[in-house]
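So the sequences go chain by chain: A and B. 34 is the number of the first residue of the first sequence in the working numbering; add one for each residue after it. 79 is the number of the first residue of the second sequence in the working numbering; add one for each residue after it.
For the record, the hints were derived by calculation from the structure and aren't laboratory data. It is possible that some hints are incorrect.
[Claimed, not checked] Pairs of lysine-lysine, DSS-like flavour, derived with a Cα cap of 30 Å:
(1) B:Lys488 - A:Lys118
(2) B:Lys217 - B:Lys176
(3) A:Lys178 - B:Lys217
[Unchecked claim] DEER-style ranges, computed between Cβ atoms:
(4) A:Thr211 - B:Thr279: 58 to 64 Å
(5) A:Gly175 - B:Leu109: 30 to 36 Å
(6) B:Ile108 - A:Glu181: 26 to 32 Å
(7) B:Trp119 - A:His174: 44 to 50 Å
(8) B:Ala347 - A:His133: 53 to 59 Å
(9) A:Ile186 - B:Glu228: 34 to 40 Å
(10) B:Trp104 - A:Gly175: 25 to 31 Å
(11) B:Ala118 - A:Val72: 53 to 59 Å
(12) A:His233 - B:Ala141: 42 to 48 Å
(13) B:Thr273 - A:Leu141: 57 to 63 Å
(14) B:Ala116 - A:Glu181: 47 to 53 Å
(15) A:Val149 - B:Ser226: 23 to 29 Å
Idealized CB from N, CA, C, for every residue including glycine.
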Amino acid sequence: MQTDDLENAGRTQEVLTARRAGLTGCRNCGRVHDCAAQVCARCGSRIASRDPHSLQRVWAWLAAGIIVYIPANIYPMLVTTTFGKTSQNSIVGGVIELFHHGAYVVALIVFVASVVIPIGKFLAIAYLAVSVRSAAVIRGHGRQKLYEVVEFIGRWSMIDVFVVAILSALVQLDFAATVNPGIAAASFALSVAFTMLSAHSFDPRLIWDAYEADDI
Amino acid sequence: MTDPKPAELDVSRPRQSFLRNLSFVWLVPILALVLSLAIAWRSYSERGALIEISLSNASGVTAGETTIRYRDVVVGVVEDVDFTTDLSRVVLSARIDKTVADLLPEEAMFWVVRPEVTAQRISGLSTVFSGVYIEASFKPSPGGSARSFEGLDDAPLTGVGEEGTYVTIRARDGNRLSPGAPVLYRGIEVGRIETPHLSDTGDSVVVGTFIAAPYDRFLTTATRFWDTSGFSVSLGAAGINLEVGNLSSLVTGGIAFDTLFSGGEPVEAGSVFELFADEQSARQSLVSGIGPNAVRFSIDFDGSVEGLTVGSPIEYRGLRVGEVSAIAAFLTETTEGQRVRLRATVALDPQAMGLPADAGTEESVDFLASEVEAGLRARLAPANLFSSALIIELAETPDAPPATLGRPEKGYPVLPSVQVDLPDFTATAEGVFERINALPVEELIDQAISVMASIEAVATAEGTRAMPDALVSLIEDSRALVASEETQALPGEIRAAIAELRGVVDELRARGAIDRLVSALENADAASANLSTASERVPALIEDLRALAAKANELGAEELVASATRVLDSANALIGTDEARALPPALTAALGEVEATLSELREGGAVENANATLTSTRAAADAVAEATAALPELSARLDALIAQSERLVTAYGAQSNFNADALAALREVRAAARTIAQLARAIERNPNSLIIGR
């Protein structure tokens, strides 16, 4: 990919890109091929200088993620039965309840993990996908960083789902207390998965094409 | 750094055809959308119907948490708790599952289930932790569209869907009937009673009773209900009987029923049954049961009705036909001013009086009205010898002043009553013994003893001692007479008599008359154990006397002396026996024993003793009666004997010492006979006086 990042930092226009050099790197194993190559000689994965369907997939996964994120917030995440008394909590409802109970830190963590991060991811991915065509606003390096953060942080949103899964598995004490996952748990897990796929579908090389296009 | 040689690169823009560029990935968001919509639609369609339940209070009900259950399955949840506009009631808005809501009829019942601990049961314990819930009970009816309901304050006794029969039970009081108390059939709980309430007239308590199917088929007209509350101890001929119901009915009361004979007709819902105090009286009621179609009457009494209680039997020609259901005093206006009269309300069973089983009130009243025309009156009577309890007798009283069955507009028809003198208990019981004491038994015995004394006096008299010599000369004369032809012609019987007389005279001469008498007294057999056997022997004595008299008439002195001696022997044997002498003390002792038993009874002694005493008293009375049957005959014979004897003695001639003594003895005997006759008449006139004392 970037052969000499350090030297070229801040001077993107002057860099000779692989594409211009007629080379293509395998995104899987990193081996550099000739542009004409379709399949990586080392690992056998498909290679292309630019993924022509990348943006489509980003948008599709993003849409799916947003769609399932709606029931994830409307329906209850946890169905807790304590001494025959059943209570259902949606994500935001749970946060508010925790807040009312004075557990501000926990409420904050849940809020960030379940609301801020997913929504931030939606926005970030949408921005990246939209901004592929334009060179303005955030510079290439910033966008590259944003992409990396989104890629990295996406999996942590699954914490919520794991908590629900573990609670459901452990707290099955019949009458005393029972925790069951609600519809929202599945929706949220899907939403996270879809956004991760969406982020993964994004071809970061597209970020730089805008600058090249400017050059041309 | 060497510049890499740029390779040929086909740099071209992606194809612009939108459709051809369309990726299959787009199926994913479409699928997600469809899925989300499906979920949304499903939850919307399952959202259920909103119903409103109004309650007097909503204690424990929390919006969003309190569930609504049907057969203990959650079918809905309370969404909102609000008031009616005038704040008089609480209105709960609840979402009910659509499937359930579609079957909700208007009469569906809702009530709040709270933890409840009563003597009878502990219920709703789960709600201690989970909070209260609202239980619904209804009979699912398709097309039900009711959405507004009145909630109940308490759980109903029976669910709407429960099959069974409602009957009404009439009880004397509601003391031991608590709502929800169980109804037992052979110890199995088959139903419950509702809250008891007073009847319209206020003289009984009626309580609705639900008998669940299939047990309601055991209800027939032959069914009797009784109270099983608590335990009962009864003392009877079979010993002490302790009956304890089940624990629940011990605490909360309960009633049981049984079908006591076969052949009862099935009952319809709403039939009325009487509640009996215990199983025994329920079973006894069969003999003259107070059926479900009992007719009520009032009976007014002038005097005291002490001893008459609610439940006292009404007897009609000795048959129990009903019982007293209430007693009250009231004021009446008479010509002399106000008077307090006592009014007993009685329930009469038409069936027990011989009317058809389906006789209505009118029919029964008409029947009694005609009976009253014919002289039927109500009167008080003692229940039995040993209690001061009273019963009401419906008896035909021909000499009663004419009266008719009163039919007031308000209240029950009034049966006319007559006043009777009621001996109280002590008078009744003691009267019996007084009468027994007053019987001239002792007098009779005294008379007999004095007869004995007279006879002894005769026997010991100088004249009697001188008799043998006189007799010898008499016999000498007689021998001459016998030698005569006339005497030869006499029957052999007379010869034998003379031989016997000679033997007697010889014996008299050998031992002396007194010794003979004394030994006769000493050797008397123990034949007479009581008056009965004694009287059996009396006719034999009379036969002897008669034979004596006959012989004396025929023969004269010789035979007389011998026969007289024998008679005296027999009389002595009879009267002088230890048994006969012991009779009066024995009677007195028996009376003492009866009295002792009676006092023991008064102190709450065993009924068994009473029964035994009654039996023995009755046996004694029977024996006395038996004995007295022979008494008139005895006195008649004695009279005849005396008449004959007197004739004989007069014919004997001279006014000797012996004559005078014998006459005195005969007078004594006559006095004895009169006494016996008196006793016999007294007993004959009123044989029952010995037993019942009235």
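Notebook entry, point to check: So which of the earlier hints does this model not fit?
Noted result: 1, 3, 9, 11, 14, 15
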